[in-house]
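Enquirer: In the order they appear, the protein sequences are chains Z and D. When we follow the numbering used here, the leftmost residue of the first sequence carries the number 1, and every step to the right adds one. When we follow the numbering used here, the leftmost residue of the second sequence carries the number 1001, and every step to the right adds one.
The set of hints was computed from the structure by calculation and includes no laboratory data. Any given hint could turn out to be false.
[What the hints assert, rightly or not] DSS-like, lysine-lysine: derived pairs with alpha carbons at most 27 Å apart:
id	chain 1	residue 1	chain 2	residue 2
1	D	LYS1057	Z	LYS139
2	D	LYS1421	D	LYS1471
3	Z	LYS23	Z	LYS165
4	D	LYS1057	D	LYS1259
5	D	LYS1229	D	LYS1178
6	Z	LYS73	Z	LYS148
7	Z	LYS148	D	LYS1016
8	D	LYS1302	D	LYS1284
9	Z	LYS140	D	LYS1057
10	D	LYS1186	D	LYS1234
11	Z	LYS73	D	LYS1057
12	Z	LYS91	Z	LYS164
13	D	LYS1284	Z	LYS21
14	D	LYS1044	Z	LYS164
15	D	LYS1065	Z	LYS23
16	D	LYS1065	Z	LYS91
17	D	LYS1384	Z	LYS21
18	D	LYS1449	D	LYS1421
19	D	LYS1445	D	LYS1471
20	Z	LYS165	D	LYS1044
21	D	LYS1057	Z	LYS132
22	D	LYS1259	D	LYS1234
23	D	LYS1149	D	LYS1186
24	D	LYS1328	D	LYS1447
25	Z	LYS131	D	LYS1044
26	D	LYS1057	Z	LYS46
Bear in mind that the values here come from a model prediction, so they are computed numbers and not experimental data.
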Amino acid sequence: MRKSQDHLSDGDIFKLITDDKQKGFDRLYRKYVDRIINYAFYLVKKRYIAEELTQEAFLCAYRDIENFRSDSKISTWIYTIVRNLAYNWLKHSKYEPKISVDQKINLGDGEAALIEAIANNSLGPDEITSKKEIDVLLKKAISTLEVKYRDVIILCDLHEFSYKKAGEILSCNPEAVGMRLMRARKMLAAVFKID
Amino acid sequence: MEHRDCFSKLSAYLDKELEAEERRRMELHFANCFECKIELECLKKIKQAVNALPIEKRSVGFDAKMHQLIANERIVLNKKQQEQKPKSTLPETGKSIWSSNAIKVGLSLVAASFVLAIGLRLLWQPERFGPVIIASRGLAQVYSQKQAKWIPAKPGLNISKNDQLRLAAYAQVDIEAKEYYSIRVKENSEILFIQLAGKSNKTTMLNVKSGNLFIKTEPGFKGSDMYIKTPSAKATVIGTAFVLQVNPEQNLTWLGVLKGAVAIEGVGEIENTLNRVVVSSGEKTTIKRGDPPALPEFLSDKEWQLMDELYHIGELPQVALLIGTSSKRVEELMAPCMLYVYDKEPRTLPKEFEDVVVNITEAVRKNDMSLHERAANRLRDLIKKYPNPKYNVQFLLFLGAYYNYLDAYEQSISCFEEMVKDFPDSNLVSLALCAEAIVYHKSLKDKEKAVQLYRNILDLYKNSPEAEHAKGAISNLT
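With the hints as extra help, turn the sequences into a complete structure.
Expert: Below you can see the structure in the form of structure tokens.
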């Protein structure tokens, strides 16, 4: 995952919040805004909805930031807010396909070569166009997963959360995160015929 | 390790989520299990592919919208805080608090002139299209092109094209172009009105050489243009409320926006494509001459408080010390002076302050020191009970002088010290220091402490009206 340009640690941001609410919020926003939009996008699958939910999440965070009392959980806190908003939105929209673990996802005939490339991990530096196409395919594959699997794979594999922190966001224990993540990865592997 | 157990923990192994012992046992199992090895490789490829997905940047305008939402939230929060403050029930006419019979003699005269000034301000309505001075205090002058001379910047004075406005230390001028915009110009400012919006054109152009400006556009501004030039920047106003600070010594321009947006660009030889930034509500930027503007950042809490003044352009203070702006103001304060509390909607002073007015009036009438003391202590309690940054400066200064009059020197000093400590940015800090020095010097006969305070004034506030007093006092005492 591309690292954020803001290298301030969560502890530093927490200190800033206690000293100057506005400045602390500014750094929190700059560090996490793109990641939060990205996370929300994989949950709701619509860019404009993801951006609206992100704005709502940061507004909620702004209202409540003075009551925030733990530096170690600042990232999980903002992720949890947007997750709750996204699940609430999904609950009220009828836009959630269900795919079972064993179900294969059809991506189209012309994509076989790219699937091969990703399966063989054989992308060279000159294949940027192919990489972009693979990204599109991969996003498409992730978007067809059930939300709980999209959720865990984005948190752990793209946003690099530990099982413990992902568990805090998903309200489950680290072991459950591991199990769910394995299933999600297997489903994607099935799509790409990696075996 | 059993195959089933190992297989179920492959993801955890891949993500280094297992204890060392368990990892070792799994690795032993891999040596003999081809299926687990293949599955692990497959999971690894998926993890790498997902990890390599890009995180796109937010869309253009996202930050602006976010900042607008935060700014709105700030306004709502501020309003809520204001509503929670107790309402006053002061009577319709103004009330004065005084603490000396000597001053009582002049009371009706001064109060009458004060009320008259307010009355004039309210009755007078600008008829002309264009900027007019609606309130002013301290030494401020306008260079009138028509009259070809400097004239005092008094309420009612129309400002014309190419007129110039300059303000000395501690001065303040509020200007209003009816239904278009209002501007508060703070001390040490110098502005040239290059172009003014009129019936035929809709462009206003200002050249700010130095100083601080609070600018708020009104609904009628829509469709008009306003450009502001400073030595280091050029700003284009896009319907807004903002503060511009120009420091000519450091060639710096600071811009903070409360509502709407202001586009700002650096001037001079700048080789940078990012020379123009749009500063949205809740944001600030700084520009040094020859450099492009810094990327906008959120305003700090202190800066937000500064912005609050934008909502008070044209307003007169609800609580005022009746002292001048000359170097004699400290003597006027320690006389002690009158504190004028006038009634105004919406009332923001609690009813208890009205009761203290009655208490002090009674103490003066009966010339009873115990009543005086009781009234002063009650006012002290009220200041603590209702901390209001808008009025506490005046209340604390008044009370410091009042306690000194009552020979309660410790309390007097504590009031002045509290004012200096709590309001270090107030332009009355030098007055509080000087008043404290007078208490040490004349009442407590502590020359050393008094000299120390006078020296502080000369070091930190050498341009203040108190500097002259401090200089004279030091030469007398040393």
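Enquirer: Are the hints correct? Go through all of them and say.
Expert: Hint by hint, here is what the structure shows:
Taking the CA atoms of D/LYS1057 and Z/LYS139, the gap is near 16 Å; set against the 27 Å cutoff, the hint holds. For a cut-off of 27 Å, the pair hint linking D/LYS1421 to D/LYS1471 stands: about 23 Å separates their Cα positions. Between Z/LYS23 and Z/LYS165, the direct Cα distance comes to roughly 25 Å. Compliance with the 27 Å bound is thereby established for this hinted pair. In summary, the hint linking D/LYS1057 to D/LYS1259 is supported, as the alpha carbons are separated by about 25 Å, within the 27 Å threshold.
In summary, the hint linking D/LYS1229 to D/LYS1178 is supported, as the alpha carbons are separated by about 22 Å, within the 27 Å threshold. With a CA separation close to 22 Å, the supplied pair Z/LYS73 and Z/LYS148 stays within the 27 Å bound. Note on Z/LYS148 and D/LYS1016: the hinted pairing holds, with a Cα-Cα distance of about 22 Å set against a maximum of 27 Å. With a C-alpha separation of about 12 Å, the suggested pair D/LYS1302 and D/LYS1284 falls inside the 27 Å cut-off, and the hint holds.
Distance check on the hinted pair: Z/LYS140 and D/LYS1057 sit about 19 Å apart at the alpha-carbon level, within 27 Å; holds. With a C-alpha separation of about 20 Å, the suggested pairing of D/LYS1186 with D/LYS1234 holds against the 27 Å cut-off. Restraint check for Z/LYS73 and D/LYS1057: satisfied, since their Cα atoms lie roughly 24 Å apart, inside the 27 Å limit. Only pairs whose Cα atoms come within 27 Å are accepted, and Z/LYS91 paired with Z/LYS164 is accepted, the gap being roughly 26 Å.
A threshold of 27 Å between alpha carbons decides the hint, and for D/LYS1284 with Z/LYS21 the separation of about 16 Å falls inside it, so the pair holds. For the proposed pair D/LYS1044 and Z/LYS164, the alpha carbon gap of about 20 Å is at most 27 Å, so the pair holds. For the proposed pair D/LYS1065 and Z/LYS23, the alpha carbon gap of about 18 Å is at most 27 Å, so the pair holds. Simply put, D/LYS1065 and Z/LYS91 have alpha-carbon atoms about 26 Å apart, close enough for the 27 Å limit, and the pair holds.
Simply put, D/LYS1384 and Z/LYS21 have alpha-carbon atoms about 25 Å apart, close enough for the 27 Å limit, and the pair holds. Distance restraint check for D/LYS1449 and D/LYS1421: the Cα-Cα separation of roughly 17 Å lies within the 27 Å cut-off, and the hinted pair is therefore satisfied. For the hint linking D/LYS1445 to D/LYS1471, the alpha-carbon distance of about 18 Å falls within 27 Å, and the restraint holds. In summary, the hint linking Z/LYS165 to D/LYS1044 is supported, as the alpha carbons are separated by about 21 Å, within the 27 Å threshold.
At roughly 16 Å between alpha-carbon atoms, D/LYS1057 and Z/LYS132 fall within 27 Å of each other, so this suggested pair holds. Between D/LYS1259 and D/LYS1234 the CA atoms are separated by roughly 19 Å; this keeps the pair inside 27 Å, and the hint holds. With a C-alpha separation of about 22 Å, the suggested pair D/LYS1149 and D/LYS1186 falls inside the 27 Å cut-off, and the hint holds. Between the alpha carbons of D/LYS1328 and D/LYS1447 the distance comes to roughly 21 Å, so the proposed pair stays at or under 27 Å and holds.
Distance restraint check for Z/LYS131 and D/LYS1044: the Cα-Cα separation of roughly 18 Å lies within the 27 Å cut-off, and the hinted pair is therefore satisfied. A hinted pair counts as satisfied when its Cα atoms are at most 27 Å apart, and D/LYS1057 with Z/LYS46 qualifies at roughly 15 Å.
Of the numbered hints given earlier, the model fails none.
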